[in-house]
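Participant: With these hints in hand, go ahead and build the complete structure from the sequences.
Number of protein chains: 4
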Amino acid sequence: MPAASIPRGDYRRFISVPTRWMDNDIYGHVNNVVYYALFDTAINTYLIAEGGLDITAGAAIGVAVETQCQFMQSVAFPDLLEVGLRVGRLGTSSVRYELAIFKQDGPYAVAAGYFVHVFVDREQRRAVPIPARVRSALEQLQPPDAGG
Amino acid sequence: MPAASIPRGDYRRFISVPTRWMDNDIYGHVNNVVYYALFDTAINTYLIAEGGLDITAGAAIGVAVETQCQFMQSVAFPDLLEVGLRVGRLGTSSVRYELAIFKQDGPYAVAAGYFVHVFVDREQRRAVPIPARVRSALEQLQPPDAGG
Amino acid sequence: MPAASIPRGDYRRFISVPTRWMDNDIYGHVNNVVYYALFDTAINTYLIAEGGLDITAGAAIGVAVETQCQFMQSVAFPDLLEVGLRVGRLGTSSVRYELAIFKQDGPYAVAAGYFVHVFVDREQRRAVPIPARVRSALEQLQPPDAGG
Amino acid sequence: MPAASIPRGDYRRFISVPTRWMDNDIYGHVNNVVYYALFDTAINTYLIAEGGLDITAGAAIGVAVETQCQFMQSVAFPDLLEVGLRVGRLGTSSVRYELAIFKQDGPYAVAAGYFVHVFVDREQRRAVPIPARVRSALEQLQPPDAGG
Numbered sequence: 242m243p244a245a246s247i248p249r250g251d252y253r254r255f256i257s258v259p260t261r262w263m264d265n266d267i268y269g270h271v272n273n274v275v276y277y278a279l280f281d282t283a284i285n286t287y288l289i290a291e292g293g294l295d296i297t298a299g300a301a302i303g304v305a306v307e308t309q310c311q312f313m314q315s316v317a318f319p320d321l322l323e324v325g326l327r328v329g330r331l332g333t334s335s336v337r338y339e340l341a342i343f344k345q346d347g348p349y350a351v352a353a354g355y356f357v358h359v360f361v362d363r364e365q366r367r368a369v370p371i372p373a374r375v376r377s378a379l380e381q382l383q384p385p386d387a388g389g
Numbered sequence: 242m243p244a245a246s247i248p249r250g251d252y253r254r255f256i257s258v259p260t261r262w263m264d265n266d267i268y269g270h271v272n273n274v275v276y277y278a279l280f281d282t283a284i285n286t287y288l289i290a291e292g293g294l295d296i297t298a299g300a301a302i303g304v305a306v307e308t309q310c311q312f313m314q315s316v317a318f319p320d321l322l323e324v325g326l327r328v329g330r331l332g333t334s335s336v337r338y339e340l341a342i343f344k345q346d347g348p349y350a351v352a353a354g355y356f357v358h359v360f361v362d363r364e365q366r367r368a369v370p371i372p373a374r375v376r377s378a379l380e381q382l383q384p385p386d387a388g389g
Numbered sequence: 242m243p244a245a246s247i248p249r250g251d252y253r254r255f256i257s258v259p260t261r262w263m264d265n266d267i268y269g270h271v272n273n274v275v276y277y278a279l280f281d282t283a284i285n286t287y288l289i290a291e292g293g294l295d296i297t298a299g300a301a302i303g304v305a306v307e308t309q310c311q312f313m314q315s316v317a318f319p320d321l322l323e324v325g326l327r328v329g330r331l332g333t334s335s336v337r338y339e340l341a342i343f344k345q346d347g348p349y350a351v352a353a354g355y356f357v358h359v360f361v362d363r364e365q366r367r368a369v370p371i372p373a374r375v376r377s378a379l380e381q382l383q384p385p386d387a388g389g
Numbered sequence: 242m243p244a245a246s247i248p249r250g251d252y253r254r255f256i257s258v259p260t261r262w263m264d265n266d267i268y269g270h271v272n273n274v275v276y277y278a279l280f281d282t283a284i285n286t287y288l289i290a291e292g293g294l295d296i297t298a299g300a301a302i303g304v305a306v307e308t309q310c311q312f313m314q315s316v317a318f319p320d321l322l323e324v325g326l327r328v329g330r331l332g333t334s335s336v337r338y339e340l341a342i343f344k345q346d347g348p349y350a351v352a353a354g355y356f357v358h359v360f361v362d363r364e365q366r367r368a369v370p371i372p373a374r375v376r377s378a379l380e381q382l383q384p385p386d387a388g389g
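Protein chains in written order, with the working numbering: chain P, 242 to 389; chain H, 242 to 389; chain D, 242 to 389; chain Z, 242 to 389.
Keep in mind that the hints were calculated from the coordinates and are not lab data.
Among the hints, a few may not be true.
In this list, chains with the same sequence are indistinguishable; a pair is considered to hold if it fits within one copy or across any two.
Stated by the list, open to error - SDA-like cross-link-like pairs, simulated, lysine to any residue; straight-line CA separation at most 20 Å:
1) K344 / L331
2) K344 / A290
3) K344 / Q311
4) K344 / I289
5) K344 / Q314
6) K344 / S246
7) K344 / T260
8) K344 / R374
9) K344 / S257
10) K344 / G332
Facilitator: Listed below in structure tokens is the structure:
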């Protein structure tokens, strides 16, 4: 599986996330579902800190429309993990994040996937342009050669 | 988004799953992560009941290697949901489940995706053939025209 | 532990809750944390259905101020569970629910505890009287000899 | 509520736990259930690191028999939290942990409670003496004047 050799250098920002007791399932490793919780946490941590996203009262919110993940290697509580984050396609209303999970000090990803957000207005849930400050933060996560 | 018109008839088995209070996130709808928990629950409920899978002590266990989901419409606690399940590709050691989430009595899927299991031996976590009784249960989830 | 002999007859209403794959922890049983998720789900399911609680936009919301649970016997996915619910103390703004978890058709509780809600206004989070319709629903969960 | 003034000095060890996106419920704060997940995580992080607890294959495991928590103040993702931990009663097979949740740099607890573990053998789930190295680690969490 070539995905096993995804290096840290492919990502632009890293968010540390310790595992929790409950993340381990009966098979003794972090359950597949948890990786998506880490993706969601890393993305929103970044958007709040760098893009000024106001999850409580902001007019525009990001809702997930598609997510995917490949699992290359098991991890288990109490491992300390890091989520690598970059931005792939950046549209008017939507953004595709590309993410990977690394063990602390692990050179290659143990899992990798993507997460597509569409920005919508909080009340009607209709697509709206990505707010300017969020967009600016997202542009900083694009690869250096992404143009735009 | 054409995915919005996925009908119940595309799936072979349905597992009922009530939502829980915690499934709702700050945006008032079931968080994207939860859909994967429902996929995992539906698959294993079926494998235990119909395939004799012994999650506690069986020699072969199914581990997730890739999952994906598209989210077409929001749902929220206290909605009652149903997970539709069918089998796509069925290999020697691996199986691709195709799943969708329906509201109770809803004709079209609110979300749809896939989940790939590889069967491995519990101790070494190396790929093994899908156990015969599990395979037989999986074949019953294939579309009628799937050959095999 | 005398708690092991808590019968179904001690509770006034039952809410069915199937377990989920992720509820099992590495020790192969439903993690202690999950019981509180079931308590929260049972209480809110009842308040929404019988008390007209509007969790999305209602002016008054119930917030947890104290919870407790004793665990007498293990359960595990894919067990089907039922949450028994009754109301203990019913004050002006607060209510103490008493709850227990039963296996489907199990005569005695596998876990039992309590959960105290204080009703507050959604914006300021200051205590308010329990809304009339919610109160009426709560009174129906009091033991027959509770006066009131 | 006097519990609101529980200071950091009442606890012997602190474990940092960032919140996750999913921890926030529809009311925009960390759901009451999550606090118990943090308790469980803090306790096991300590037992593994300091007591040599082997959660995968050790002969003795700690299972929860009773937990409780009081919620004094709301917190919300993306808050960074710390769990304060000390040991109250330390018996032959059981231990009562006393825990509290603090905001990073917050002088007073936002929540506080307890968690009782009984050590049992992994296979039969019958009470066994607390393993010597675990006991030694637990003694280090007792208040200085706890005798023993």
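Participant: Between K344 and A290, at a C-alpha cutoff of 20 Å, which is it: within one copy, between copies, both, or neither?
Facilitator: So K344 and A290 pass the 20 Å test across copies only (17 Å; inside, 23 Å).
Participant: Within, between, both or neither: how does the pair K344, I289 come out at a Cα-Cα threshold of 20 Å?
Facilitator: between (24 Å within a copy, 18 Å between copies)
Participant: When Cα atoms must be at most 20 Å apart, do K344 and Q311 count as within-copy, between-copy, both, or neither?
Facilitator: within (15 Å within a copy, 28 Å between copies)
Participant: With 20 Å as the alpha-carbon cut-off, assign the pair K344 and T260 to within, between, both or neither.
Facilitator: both (11 Å within a copy, 19 Å between copies)
Participant: When no copy is specified for K344 and S257, does a C-alpha distance of 20 Å or less occur within a copy, between copies, both, or neither?
Facilitator: This pair counts as both: shortest intra-copy Cα distance 10 Å, inter-copy 18 Å.
Participant: Under a CA distance limit of 20 Å, which applies to K344 and R374: within one copy, between copies, both, or neither?
Facilitator: neither (31 Å within a copy, 28 Å between copies)
Participant: When no copy is specified for K344 and S246, does a C-alpha distance of 20 Å or less occur within a copy, between copies, both, or neither?
Facilitator: within (13 Å within a copy, 38 Å between copies)
Participant: Between the shortest in-copy and the shortest cross-copy C-alpha distance, which are at most 20 Å for K344 and L331: within, between, both, or neither?
Facilitator: The answer is neither: 28 Å in one copy and 32 Å across copies each exceed 20 Å.
Participant: At most 20 Å between C-alpha atoms: does K344 with Q314 qualify within a copy, between copies, both, or neither?
Facilitator: Within. Shortest intra-copy distance 10 Å satisfies the 20 Å Cα cut-off; inter-copy 33 Å does not.
Participant: Is it within, between, both or neither when you check K344 against G332 at 20 Å Cα-Cα?
Facilitator: neither (31 Å within a copy, 31 Å between copies)
In summary, the numbered hints that this structure violates are 1, 8 and 10.
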